[in-house]
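Generate coordinates for the entire structure from the input sequences, incorporating the hints supplied.
Protein sequences, first through last, are from chains A and B. Counting along the first sequence from 1, when you hit position 325 you're at 325 in this note's numbering, and nothing is skipped either side. Counting along the second sequence from 1, when you hit position 245 you're at 245 in this note's numbering, and nothing is skipped either side.
Hint data in this document are derived by calculation from the structure and do not stem from the laboratory. There's no promise every hint is true.
[Said to hold, decoys possible] Once the Cα atoms are required to be at most 25 Å apart in a straight line, the calculated DSS-like pairs of lysine-lysine come out as:
1) Lys102/A x Lys211/A
2) Lys37/B x Lys27/B
3) Lys209/B x Lys102/A
4) Lys102/A x Lys130/A
5) Lys209/B x Lys130/A
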Amino acid sequence: MDRSDDREPLVEIEGLRKHFDQSQGIIDTVLGREPQPVRAVDGVSLDIYRGDTVGIAGESGCGKTTLGKLLVKLYEATEGSIRFDGRDITELTREDEREFRKRVQMIFQDPFESLNPRMTVYDTVSEPLKINDMVGGYDERRARVKQVLEDVGLGPAEVYLDAFPDELSGGERQRVAVARALVVDPDFVVCDEPVSMLDVSIRAGVLNLMKDLQAEYDLTYLFISHDLSLIRYMCDRAGIMYLGDLVEQGPTDDVIDDPKHPYTEALFDAVPDVELGAERRRANATGEVPSPRNPPSGCRYHPRCAHIIPPDGWTGSQEAFRRAYQFKLRLRRGELDAEAAREEAGEPAEALVEQGLTLDVPEEYRSEAEIESGGHRVDVGSLDLPGDARRALTEAAEAVLGGEPDAAVDAVDDVVTTRCETEAPEPLPSGTRKVACHRYDDDRLEGIGTDDGGLSAATAED
Amino acid sequence: MATGQGDTETEGESYTRRWEPRLERMKRGWSRYTEHKIGVVGLIILGIYTLWAIAPSVFAPHSADWVAYLGEPPVQSRMSAEQVRSLPHPPAFGDPFFAPLGTNANGKGILSLVIYSARNAMYIGLAAGLLSSLVGVPLGLISGFYGDTWIDEAIQRFVDIMYGLPFLPFLIVLVAIRGITTTNIIIGIAVTSWLNNCITIRGETLSLKERSYVESAKVAGASDTRIIFRHIMPNVLPISFVFLAQDAAGAVIAQASLAYLGLADFTANSWGIMLENIKSQGYIFSAWWWLIPPGVALMLMAASFYFIGFSMEDVTNPQR
Numbered sequence: 001m002d003r004s005d006d007r008e009p010l011v012e013i014e015g016l017r018k019h020f021d022q023s024q025g026i027i028d029t030v031l032g033r034e035p036q037p038v039r040a041v042d043g044v045s046l047d048i049y050r051g052d053t054v055g056i057a058g059e060s061g062c063g064k065t066t067l068g069k070l071l072v073k074l075y076e077a078t079e080g081s082i083r084f085d086g087r088d089i090t091e092l093t094r095e096d097e098r099e100f101r102k103r104v105q106m107i108f109q110d111p112f113e114s115l116n117p118r119m120t121v122y123d124t125v126s127e128p129l130k131i132n133d134m135v136g137g138y139d140e141r142r143a144r145v146k147q148v149l150e151d152v153g154l155g156p157a158e159v160y161l162d163a164f165p166d167e168l169s170g171g172e173r174q175r176v177a178v179a180r181a182l183v184v185d186p187d188f189v190v191c192d193e194p195v196s197m198l199d200v201s202i203r204a205g206v207l208n209l210m211k212d213l214q215a216e217y218d219l220t221y222l223f224i225s226h227d228l229s230l231i232r233y234m235c236d237r238a239g240i241m242y243l244g245d246l247v248e249q250g251p252t253d254d255v256i257d258d259p260k261h262p263y264t265e266a267l268f269d270a271v272p273d274v275e276l277g278a279e280r281r282r283a284n285a286t287g288e289v290p291s292p293r294n295p296p297s298g299c300r301y302h303p304r305c306a307h308i309i310p311p312d313g314w315t316g317s318q319e320a321f322r323r324a325y326q327f328k329l330r331l332r333r334g335e336l337d338a339e340a341a342r343e344e345a346g347e348p349a350e351a352l353v354e355q356g357l358t359l360d361v362p363e364e365y366r367s368e369a370e371i372e373s374g375g376h377r378v379d380v381g382s383l384d385l386p387g388d389a390r391r392a393l394t395e396a397a398e399a400v401l402g403g404e405p406d407a408a409v410d411a412v413d414d415v416v417t418t419r420c421e422t423e424a425p426e427p428l429p430s431g432t433r434k435v436a437c438h439r440y441d442d443d444r445l446e447g448i449g450t451d452d453g454g455l456s457a458a459t460a461e462d
Numbered sequence: 001m002a003t004g005q006g007d008t009e010t011e012g013e014s015y016t017r018r019w020e021p022r023l024e025r026m027k028r029g030w031s032r033y034t035e036h037k038i039g040v041v042g043l044i045i046l047g048i049y050t051l052w053a054i055a056p057s058v059f060a061p062h063s064a065d066w067v068a069y070l071g072e073p074p075v076q077s078r079m080s081a082e083q084v085r086s087l088p089h090p091p092a093f094g095d096p097f098f099a100p101l102g103t104n105a106n107g108k109g110i111l112s113l114v115i116y117s118a119r120n121a122m123y124i125g126l127a128a129g130l131l132s133s134l135v136g137v138p139l140g141l142i143s144g145f146y147g148d149t150w151i152d153e154a155i156q157r158f159v160d161i162m163y164g165l166p167f168l169p170f171l172i173v174l175v176a177i178r179g180i181t182t183t184n185i186i187i188g189i190a191v192t193s194w195l196n197n198c199i200t201i202r203g204e205t206l207s208l209k210e211r212s213y214v215e216s217a218k219v220a221g222a223s224d225t226r227i228i229f230r231h232i233m234p235n236v237l238p239i240s241f242v243f244l245a246q247d248a249a250g251a252v253i254a255q256a257s258l259a260y261l262g263l264a265d266f267t268a269n270s271w272g273i274m275l276e277n278i279k280s281q282g283y284i285f286s287a288w289w290w291l292i293p294p295g296v297a298l299m300l301m302a303a304s305f306y307f308i309g310f311s312m313e314d315v316t317n318p319q320r
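Here it is in structure tokens:
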């Protein structure tokens, strides 16, 4: 938490990118299609300090596991660098790589998959020793394996040495996997959801074991998990990942108690509360996670963001801008249903605007008119929408009804603009942590709170 | 067992302890094998054939050159016209000669021929089966492990071309060039039968290499060779055993059909050649004692290979 700045980082990640599937089929080449790789990890920068436990949280598919595998060199990075103890791991010689393999290990998610069913516990745990020629003879190796097995709570080790994985329980298997990682006495261990496949009843045991081992073996952990309570329990520092990028990183308690990035906020809202009677809050985010093949421009979270920033000179409310922006997105994706609007009573253009201004969010964030209509209409009058914006929306709606979707996009393009869409936010320091969000740009530049737009939550920092 | 004692222990003791768990595992494997009676039956049949192959003279009533009425060579006299007319002779037990399964049209004892042919069948079955496994399994492993690279592509295109090769015309050309010998037949069978092996092993390898135990071996620094042979191969062995059995049985039957077509070495003793002879000499409907024994022997050998493959699948597959 309060780490002094003179500490050397053990792992330094800079601008790391990993894009998958850049090869193209012959049909794509013939048709001249641009290759669209999956941007699994897209521009991550992160420092990991010796002795720390860093947690990476995010939805499934956000690139957490890919990041972990990049760190242990299971994948080659497309771009960017990873320095381990000062050396770039993408440019290791054979000798250096051997050294690296001894110092960095990984614990995998599924202990039913990560142990070879044809190898005994002894064979599995002693393999890294054999490969790296670390311990001389058979007897020494056996002694070392026994010692590590006892350290991970599998004692007496004699019972386990000749057992096959299918004779062990899930918890025992994961302990064997931990033992395999620790047998070479590594410095840095990447744990990819180490307990998510285990019974809830034995999770705490394995986690506590890992905490104890951290002290004993002097380890630095990178914990990958979608479970925020686990991150809070285990980690000193936490990073929140969204679509291949870290949106927020800092001391765990700060990040969890006072999330700054709108995505972090939404992520924590989405966690069900165990407390009885506590009202279930849901994430105030619109729509689904976009495809990592074609992530949104600018800030990747902006199409879903509840705090999207209106342009300078926007006289209406921030909520009105968020709705107007949703209208623009629907227009671009061609999601506005002109037929339904024509069937409505009254002016079709008006109905289309009302349809386009709705938010695809859980009920507690909807307006009354939306709830009444089942999420298909809003009451434009009750929104604090500036006059010119309203005119532009109506004009666009008419263009859609007239069958000119391009003209419709042009009509709103100038009025409904946001820098969230055009500029990618840099992860800049804000207080104790780094946040990649434009709402804190001014914070840093001028040391004052953010401007208008209903962002009261964001100004809580000072 | 402490680290310090390692040096003082003699080499021998260390080895005994090291091998102890392996012996234990082999015992466990055997008990799992015998769980299926069918595997034991296959092993017994194959055991009998092996004994026949090693020492046919112990089991056969006569040598392969024995001729009815005249006895063992060298023979000076010739058969009388009446004796020749009595051939093929039905089973006889001492009067006028001893031939428990009768004789063929040339007066040779069927039982002796069946027993003397076991060597040939075993040789062809095991050689063709092993040869096709030795080619198919490593190529399948390599092709699968380097899936989606030029290595995989090259091997798979080669397999495709080989699939286009028709078995019989290929074999006819092969024996026309190199002569009708058992070795050539084995080569011909092996060349065409490793393909299925290769493709199946490749598919299995493709899925196995994505398992996280392969990834964790990589993290530990294991080389490709080590991953292929230590982590992936043991997991594809059950399938390759099934293929070995299948190829062995297939080869024995293929040799019989080739013999039937006249494409096998006639000087060799073979069940297939016995069947070919009964056909060409026109006794199929009259000499059952000549027709049935080689057919049954052939069928039992193919069955025993299948049975053993079936049981081996259980031994090498500890998941369950």
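Each hint tested on the structure:
no.: 1; hint: Lys102/A x Lys211/A; verdict: 21 Å, holds
no.: 2; hint: Lys37/B x Lys27/B; verdict: 17 Å, holds
no.: 3; hint: Lys209/B x Lys102/A; verdict: 22 Å, holds
no.: 4; hint: Lys102/A x Lys130/A; verdict: 11 Å, holds
no.: 5; hint: Lys209/B x Lys130/A; verdict: 21 Å, holds
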